[in-house]
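A.B. asks: The primary structure of each chain is shown beneath.
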Amino acid sequence: MANLKVKIHNLELKNPVLTASGTFGYGEEFDDFIDVNRLGGVIVKGTTASKREGNPYPRMVETPSGMLNAVGLQNKGVDNFISDIYPRIKNYKTNIIVNVSGSTISEYVEVSEKINELQNIPAIELNISCPNVKEGGMAFGTSCQAASEVINAVRKVYKKTLIVKLSPNVTDISEIASAAEHSGADSVSLINTLLGMAIDVEKRKPVLSTITGGLSGPAIKPIAIRMVWQVAKAVKIPVIGLGGIMDTADAIEFILAGATAIQVGTANFIDPQISIKIVDGIEKYLNHHKINSIHELIGSL
Amino acid sequence: MANLKVKIHNLELKNPVLTASGTFGYGEEFDDFIDVNRLGGVIVKGTTASKREGNPYPRMVETPSGMLNAVGLQNKGVDNFISDIYPRIKNYKTNIIVNVSGSTISEYVEVSEKINELQNIPAIELNISCPNVKEGGMAFGTSCQAASEVINAVRKVYKKTLIVKLSPNVTDISEIASAAEHSGADSVSLINTLLGMAIDVEKRKPVLSTITGGLSGPAIKPIAIRMVWQVAKAVKIPVIGLGGIMDTADAIEFILAGATAIQVGTANFIDPQISIKIVDGIEKYLNHHKINSIHELIGSL
Amino acid sequence: MKKHINNLKIISYRSLNKDFFLLELSVPHSINEIRPGQFVEVLVENSAKTFLRRPFSIHDIDYENQIISLLIQIVGKGTRELSKQKSGEYLNLIYPLGNSFSKPTNEKTLLIGGGAGIAPLLFLAKHFKRLHHKFSVLLGARSENYLVRLKEFKKLSEVFIATEDASLGEKGLVTNHSVLTQAEIGFDKIISCGPKPMMKAVAMIATDKAIDCEVSLENTMACGIGACLCCVEETKHGNVCVCIDGPVFNVKDLKWLI
Amino acid sequence: MKKHINNLKIISYRSLNKDFFLLELSVPHSINEIRPGQFVEVLVENSAKTFLRRPFSIHDIDYENQIISLLIQIVGKGTRELSKQKSGEYLNLIYPLGNSFSKPTNEKTLLIGGGAGIAPLLFLAKHFKRLHHKFSVLLGARSENYLVRLKEFKKLSEVFIATEDASLGEKGLVTNHSVLTQAEIGFDKIISCGPKPMMKAVAMIATDKAIDCEVSLENTMACGIGACLCCVEETKHGNVCVCIDGPVFNVKDLKWLI
Ligand SMILES: Cc1cc2nc3c(=O)[nH]c(=O)nc-3n(C[C@H](O)[C@H](O)[C@H](O)COP(=O)(O)OP(=O)(O)OC[C@H]3O[C@@H](n4cnc5c(N)ncnc54)[C@H](O)[C@@H]3O)c2cc1C
Ligand SMILES: Cc1cc2nc3c(=O)[nH]c(=O)nc-3n(C[C@H](O)[C@H](O)[C@H](O)COP(=O)(O)OP(=O)(O)OC[C@H]3O[C@@H](n4cnc5c(N)ncnc54)[C@H](O)[C@@H]3O)c2cc1C
Ligand SMILES: Cc1cc2nc3c(=O)[nH]c(=O)nc-3n(C[C@H](O)[C@H](O)[C@H](O)COP(=O)(O)O)c2cc1C
Ligand SMILES: Cc1cc2nc3c(=O)[nH]c(=O)nc-3n(C[C@H](O)[C@H](O)[C@H](O)COP(=O)(O)O)c2cc1C
Ligand code: FES
Ligand code: FES
Chain G
62 MANLKVKIHN LELKNPVLTA SGTFGYGEEF DDFIDVNRLG GVIVKGTTAS
112 KREGNPYPRM VETPSGMLNA VGLQNKGVDN FISDIYPRIK NYKTNIIVNV
162 SGSTISEYVE VSEKINELQN IPAIELNISC PNVKEGGMAF GTSCQAASEV
212 INAVRKVYKK TLIVKLSPNV TDISEIASAA EHSGADSVSL INTLLGMAID
262 VEKRKPVLST ITGGLSGPAI KPIAIRMVWQ VAKAVKIPVI GLGGIMDTAD
312 AIEFILAGAT AIQVGTANFI DPQISIKIVD GIEKYLNHHK INSIHELIGS
362 L
Chain P
62 MANLKVKIHN LELKNPVLTA SGTFGYGEEF DDFIDVNRLG GVIVKGTTAS
112 KREGNPYPRM VETPSGMLNA VGLQNKGVDN FISDIYPRIK NYKTNIIVNV
162 SGSTISEYVE VSEKINELQN IPAIELNISC PNVKEGGMAF GTSCQAASEV
212 INAVRKVYKK TLIVKLSPNV TDISEIASAA EHSGADSVSL INTLLGMAID
262 VEKRKPVLST ITGGLSGPAI KPIAIRMVWQ VAKAVKIPVI GLGGIMDTAD
312 AIEFILAGAT AIQVGTANFI DPQISIKIVD GIEKYLNHHK INSIHELIGS
362 L
Chain C
959 MKKHINNLKI ISYRSLNKDF FLLELSVPHS INEIRPGQFV EVLVENSAKT
1009 FLRRPFSIHD IDYENQIISL LIQIVGKGTR ELSKQKSGEY LNLIYPLGNS
1059 FSKPTNEKTL LIGGGAGIAP LLFLAKHFKR LHHKFSVLLG ARSENYLVRL
1109 KEFKKLSEVF IATEDASLGE KGLVTNHSVL TQAEIGFDKI ISCGPKPMMK
1159 AVAMIATDKA IDCEVSLENT MACGIGACLC CVEETKHGNV CVCIDGPVFN
1209 VKDLKWLI
Chain V
959 MKKHINNLKI ISYRSLNKDF FLLELSVPHS INEIRPGQFV EVLVENSAKT
1009 FLRRPFSIHD IDYENQIISL LIQIVGKGTR ELSKQKSGEY LNLIYPLGNS
1059 FSKPTNEKTL LIGGGAGIAP LLFLAKHFKR LHHKFSVLLG ARSENYLVRL
1109 KEFKKLSEVF IATEDASLGE KGLVTNHSVL TQAEIGFDKI ISCGPKPMMK
1159 AVAMIATDKA IDCEVSLENT MACGIGACLC CVEETKHGNV CVCIDGPVFN
1209 VKDLKWLI
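Residue numbers (the numbering used here), protein chains in the order written: chain G, 62 to 362; chain P, 62 to 362; chain C, 959 to 1216; chain V, 959 to 1216.
Just to be clear, a hint being listed does not mean it is correct.
[To be verified] If you want a taste of the chain C side facing chain G, the calculated C-beta under 7 angstroms gives, among others:
#1 Lys961
#2 Phe1009
#3 Leu1010
#4 Gly1144
#5 Thr1178
#6 Cys1181
#7 Ile1183
#8 Gly1184
#9 Ala1185
#10 Val1190
#11 Lys1194
#12 Gly1196
#13 Asn1197
[As the list claims (entries may be wrong)] Capping the alpha-carbon separation at 30 angstroms, the derived lysine-lysine pairs in DSSO-like fashion look like this:
#14 G:Lys338 with P:Lys266
#15 V:Lys1061 with C:Lys1042
#16 G:Lys345 with C:Lys961
#17 V:Lys1007 with C:Lys1042
#18 V:Lys1061 with V:Lys1194
These are computed hints drawn from the structure, not numbers from a lab.
Values in this document were obtained by computation on a predicted structure and should not be read as measured data.
Glycine included, C-beta positions come from ideal geometry on N, C-alpha and C.
Could you put together the complete structure from these sequences and hints?
C.D. replies: Next up, the structure:
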């Protein structure tokens, strides 16, 4: 039996397969389809200090091998998460990771501080790369200085594993990754969505209410692989790779490029069982290639 | 009959459909399939000061709704273009535009100066965005200062219509576009390819000889549309849009986003007649929507 | 009912006219708990141009033989691709999804359908019939040729018809039909499904006349199971997901008429 | 010959074994100018996972009835999708592409094929036969079951066989076959098509024995018409496009043996 266990700083994953924030609800939505406990971890929906209604409909449009979304961090706020959602999901036998989002440094700090108190949340993913909110969000992820400031501030209050989620909408993502590393991030995850846009040529109007949205799905996979490869060379902390993973081969591609763990995002919409199929697929791949441990694969291009 | 004529600075196009550099050879390759003269223009292969062999094979890999290429500016050099190729293609009754590429400012200047002398080449497209060469290329397109320097230098020697082709691999493409405008560009075209990568999971090696390559095709269309929309708001010079155009609706999307003309690239490989189908399709669209002139459509979101 | 994901065998494919077709799918387990108003998410395989699943209402159910029927209008790439399926082939479905129409009261309900919006209404009409609930049906279409499944509805109840070209029934939109324009509407509830402008016009009339009104929304969806938050509709209680809190809504909860 | 783009009707589809199938396509005009070694680019429609066309050698030509045959090995998504085509359906092709094998000399040629590399050799063998040119054929495969089209080749000439499991002919790779290992090879020319390692090994032997050797390359292609420069092979005269300057090359021009 191949060894699938990986560590992201102090966080132990039984296998390298996580589900991506915003694409897997709070896990419960998938209970009918899979045993969520078999995943390496679940990254829940972006959580902010206060309740947010998100952007107006329409928020989604299909594109070639992908989709644009402009959800805009709709969520009930961190207090509601703690009082209503956390009690429901805290007993999953997998790592529940909260995606912490915000518009200001103090908002990130407030949410991180509160999540730090939750015993069964071993890590947060700091989302400094959401392209779908008017203020903050991606702005923190597109300059080294802004990224450092928010990470430094959160690092002061957050004591467990701190993953920082990077934006691909930058000239040099490895610079931002290095800045994150030096500001105290325990890991970086990439990529968030690429900023895109679609126009309805019959109505002659943008399809999304927000005009632009975030592109995800297999269309972006080649860009994501390249960025993971660049970042893995630039930093010493573990890299979590995502962007367009649809099957086991895609997941292996990210691991070969240097990812210690991977996240399955948009693919969950098309096949709600795909995350578990990838867990099984990675094990099969290792056995088939007579590789004893996933560690032999990571970055082994 | 709807009016399809557009102007890119002094360059008159009988319709807004150009073919993208590196995807249409020198036009001749398509003579068996279409009447090249019916196009708004043909942008020929990237031309450098001296002959270049390009990168080693493999140079290409298919990706979801797209492809990566790493051709690396293979061409016989500007002198061979002038002596051998130009005489063959100069009598096309359409605009032949040369894509000028290079690794140093002096190389760009040398090629532009020589092309300036060719009577039947009314414009050049300055390629400061090629991701597939070790030196120069994209580096000039990812910083405002570097872009300004090369454009300023070329502007001094090139007297006809100067189009600058922008790289999408940047944090803020409208900044670079503004820098191009202020340095004397008559027009900007975008986007060139996005830097991407693919790994063969059976061989556990990058597919391309150069590891990374340029992503093109419909996968990148949402990103290209967004960038054209951003740039069209930021500059006063005409914008030429491209990236993943596969059919008439895609072309109209770019025009609505603010493009005065569009280029058809990778689609030529799948359907060598597609460029002319799009010329006809735009005319049909205008007639169907009772729009007299393409100008009513440009940027009319 | 637990949600399922399964490959369902197409046991019959029938083209109704150039726009509409009917699929009967065989389900390998009991479907007794599926309720009118619920929908399915269909994977369009081997299609170069579709990426996400496509949602369709459950049009009819044969509980005994475990058959789900879908009534599909060809409007784009996905539905065109599905129209090429043949019986004997399999479709991958996630089902059943969404809430359902609310329980019938003892008064009389008017079901109003337009276009593909008639799809969930046949299942509902059969359900009402079984429960001996009183109802009538009002169907609208551009012209007679676009009216499908009329015979099936007629077997179940009185059917009013409005066509834009007067080829059948009254001339005009459903909202111009005399059954809605008369001073006293003999219904205590209206259930409507069809193009949004139609549903909004119906909602206006119903609200005006203080008649309870439910609509079934067709917001574009990415996941269908409440995971992506893409399908939201603005309600008086904030943005809610059409795929889990809907697709059926009482118009008094929506922000349409404000 | 002018290049064409056309929808060609599949007039016959035949599965040869679980890996190989044969397509006969009807061309709506004279194909007299098509030459052995040339290839076509096929559009794989309705496939979610293929984007570019797929190149295949012309396997056989019926000039009189204007039929092009393709012999296709299922290796991935595109070829799998094509294997589902049925006769009566249409495939969009660009054809004919590439150069062709050089003119036969008066001496004797050995055609060596492995895997799908036998595809262009049948067309070539028939051509040689028609011209009364002398030749033999050497085919290699993993095992007897993987050897397709043997009967057709046998109708045209003497056929040597090498299988890795010795299920037919000599045991081993084609390059171990006695016809190549014997001191005096009775051929003045070798033409080879198959996996690159096989072609390279053949090229080595031929060069060693000073026998003229042509190979047909299968570099991955994006356009097939010389527009993209993706399919290059390094030659002694620089990088050239396999799709227009090839697919047939004389090994003395390649950089394989340096
Ligand atoms: C809960 C629900 C139940 C539905 N039930 C049925 C049903 O029973 N029968 C039926 O025929 N259709 C039904 N629909 C609509 C159906 O899902 C769409 O028609 C289908 O997804 C279009 O797919 P396509 O690939 O053919 O169109 P596309 O090529 O994706 O789009 C074609 C055109 O249709 C528009 N469009 C696509 N999807 C929608 C949508 N959801 N709402 C409005 N416009 C859209 C696009 O903007 C575009 O203009 C339902 C939708 C929902 C959300
Ligand atoms: C000029 C020419 C003539 C050809 N003639 C024939 C023929 O007559 N019959 C036939 O069966 N095949 C032929 N081939 C090969 C054929 O084009 C490929 O097998 C086919 O494109 C694979 O498509 P796919 O979608 O099934 O594979 P994919 O899913 O794209 O790939 C599957 C696997 O095959 C590999 N692969 C794909 N294309 C090639 C290639 N061109 N060379 C090497 N490896 C490749 C991939 O790397 C991958 O490992 C020819 C190729 C060329 C260039
Ligand atoms: C509908 C949707 C909602 C998302 N919401 C979030 C979010 O709240 N926080 C976040 O960090 N990323 C969010 N993302 C981004 C994904 O987590 C992921 O980074 C991106 O989709 C790329 O991966 P994929 O191609 O596998 O989907 C969202 C993506 C989608 C499609
Ligand atoms: C094979 C290939 C070669 C290319 N060569 C060049 C080039 O020489 N110069 C250049 O400016 N762009 C080159 N490009 C980029 C295209 O012109 C275009 O910007 C890009 O492909 C995006 O458009 P598309 O998606 O329509 O192909 C090349 C693209 C491809 C696919
Ligand atoms: S479609 Fe994803 S939440 Fe409704
Ligand atoms: S495949 Fe494009 S040049 Fe050969």
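A.B. asks: Which of the listed hints are broken here?
C.D. replies: Violated: hints 4, 11, 15.
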